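Undergrad: Protein chains in written order, with this note's numbering: chain A, 1 to 165; chain B, 1 to 551; chain C, 1 to 96.
Worth double-checking, as some hints may not be accurate.
Claimed, not checked - If the Cβ cut is set under 10 Å, some of the chain B residues that face chain A in the computed set are:
(1) G21
(2) Q22
(3) R25
(4) D34
(5) S153
(6) S277
(7) T279
(8) P283
In short, the hints are calculated from the structure, not lab data. What you are looking at is a predicted structure, and each value in this text was computed from that prediction instead of being measured. Every residue, glycine too, gets a C-beta built ideally from N, C-alpha and C.
Read off the chains here:
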Amino acid sequence: MLVEGHPSRMAFSNLPDGEALPQAGAIIVSLSRFTKEREALLARAEPVGVRLETGESPEALGADVQRLELIVLHVPYLKDGRAFSWARLLRTRLGYQGELRVSGHVLRDQIAFYARVGVDSFELPQAVPAAEVEAARSEISHVYQPSVDGQVTIRELRARRAPRS
Amino acid sequence: MYRYDEFDAQLVRERAEQFRGQVARRLSGDLTEDEFKPLRLMNGLYLQLHSYMLRIAIPYGTLSARQVRKLAHIARVYDRGYGHFTTRQNLQLHWAQLPKVPDMLVELAEVEMHCMQTSGNCVRNITADHFAGAAADEIEDPRILSEIVRQWSTLHPEFSFLPRKFKIAVSGSAADRAAILVHDIGIQIVRNTHGEIGYRVTVGGGLGRSPFIGHEVGSFVAKTDILAFLEAVMRVYNESGRRDNIHKARIKILVHQIGPEEMRRRVEREFAEIRKSGTLELPEAEIARIAAYFAPPRFEELADESVELEAATRKNAGFADWLKTNVHAHKMPGYAIATVSLKRIGDTPGDCSSDQMDALADLMEEFGQAEIRVTHEQNLVLPHLRKRDLFALWQKLVPLGLASSNHGLVTDIICCPGLDYCDLANARSINIAQNIAQRFADLERQHNLGELKIKISGCINACGHHHVGHIGILGVDRKGVENYQILLGGSGAEDASLGEILGPGFDSEGIVDAVENVVGTYERLRQSGERFLDTYRRVGPTPFKDRLYAR
Amino acid sequence: MMPHVLTANRLSVGEVVYWSGSKGWVSRLNEAEILPDDKAEAALKGAAEWVEKREVVAPYLFEVRILGGTAVPVKTREAIRAAGPSVRRDLGKQAD
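Generate the whole structure from the sequences, applying the supplied hints.
TA: What follows is the structure in structure tokens.
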């Protein structure tokens, strides 16, 4: 599995639910584990990350998002578009500022959309060369809707340019 | 009508190039069919029975002459010289080839057209009243809002992978000519008690396997708030719509399951938050800017009566017939709206050849028509005709086969492509439409029957809108044999209702007799001034059941 | 059980094609290989290779009856796929 886009500040490892907490190291746990072992996890010296399945709204993390350095949205199938809403929610009302990663079934054609709603990085089954990721992000130059990424919208560009005759 | 600026133009060009890349990746094996399918659907490309089918977007059904000519050209060069106008105001080409599609998109982009989001689990073509800008009862041209919503919904980063398709329709008057109550979101332009214009928003209407009439979720949404409100609805749907079962994934199912009250509560909660952030505030200036594109054409000052028209009506019975059904009141004196019928008896309903399209473009220019409209009942509309020109227009429509005097009558049948073309279909629909039309060919009888909307679908997906036909026909596969069920009493107008199944179905021959018997029952029972729909609503299904099924 | 024919659409042009065995994917139903019970599933599995090669998409089997030595589809849908739209005799394979 490879991470593209903005690299994590450090390497996180996935901790399966049944496994004991390691002595050290940044780990990613499932939402249910985080909910059960929250105190212990947040007390660790190293950062903790949470993996949300596509049916799990980040609302469940609430204010705890401020204490997480990595949230992974797992997308089982490319057509499941809930992660776009979860990403947006994390970046807006919940105010999450850590790394936001999408893992699972992602097409490079979706990368631009994910980036717009605040996703930093991707964990894909097959490596996508960085050049292709960059190309994917810039295939469509202009956007109609405002989004989390703050990209200037077409409406704003229209307002900026000289009035047309 | 709306004109692209450099940003709109660049977007559709880039989308075409993006699709070219996607096609290349498919053909090289970088993308499996499973991965490519959602991508090609988002560009309106289906794999149908015989070939690929490309669905071209016609935003709110409006086309310029230049666009009509381009469609004629594309159909001629890349397809088989014709297109099919759909119940969502789009155009379908049934014989596309995958490697040629990117070039077709480039050509479409040249005339400010595209195929974006005409399929796929995203917001589809925004449809609107085909009499927009011309009807006397209009509060405001619904295409202004439709264009604003079109832009907001195009390549929306959050809502491009919804649980299922999402259809929005806009009506500009109390009379609903856009079937908004059977759309995922229906928007009706209304005035409040202060005379301010705002929007009544309904959610959860739809046809298909589980038909529903939409529920009001916003009684008066201010113009400045409408995008925030729509975004709220979409977000609730994207987050909570079912994804476990394709037949339960539309927003109508969500509304049905949680109830309209809960839906309204969730939408309002989300709406309040978006509104607070201000990100989707729609400024007055922006609305005015878009509205300017839809400013009415310069109308001449004319007397409402036209001497030429009256003379022609007296001298020509065929023209007089056409006037009765296919010409509608215009808000300006001396002007009229004309329906160009794509329902000539024996033809495929909604089909239009390249030659006919070219001829229509010529007529648009000759009679000063900047636009032509596609209706959700698969006809075309010329919205701003001078009454004195109607006869000359009609004379030219006749040899083109576009002058059938049957708008809204029993032979003005709405019909999906069905099993002759469509991979999803269970039964043929076009032949049934043709046979019924032939049975009722007598024009005098048609006029005598009055408004009678027959809508035919070749499968439960209901692209023929059979649930809202006065007489609806649903084709099914019954043990390997095509079988047709009759529904009665549906309406897609402001008095929306869903048709009720009458009883067991009929085979391909029997259905035509059955429809004739249904019509005959109406003729027998109707009271003065009653349309078929009125009689049905008064007497109920029993007399019709008795006629069709009693021994 | 009835005999079957294996069909698919050509990926590039979208055309309906039939598996003929020795001649690969052909346009005409009357050139298709008629597959008895024991050969049908194997043929369908074999089609996966052609999907992989991007020659065809969506292969599947359909039932036929043998009438006068020719394979005739049991289902109307397949008859229409083999010929073209029944309402436009000038289009599709029936017109070629």
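Undergrad: Now tell me, hint by hint, if it's right for this structure.
TA: Cross-check of the supplied hints:
1. G21: Hint on G21/B: holds, closest Cβ of chain A at ~8 Å, below 10 Å.
2. Q22: 7 Å, holds
3. R25: Hint on R25/B: holds, closest Cβ of chain A at ~9 Å, below 10 Å.
4. D34: 9 Å, holds
5. S153: 8 Å, holds
6. S277: Since chain A brings a Cβ to about 7 Å from S277/B, closer than 10 Å, the hint holds.
7. T279: 5 Å, holds
8. P283: Nearest chain A Cβ about 9 Å off; hint holds.
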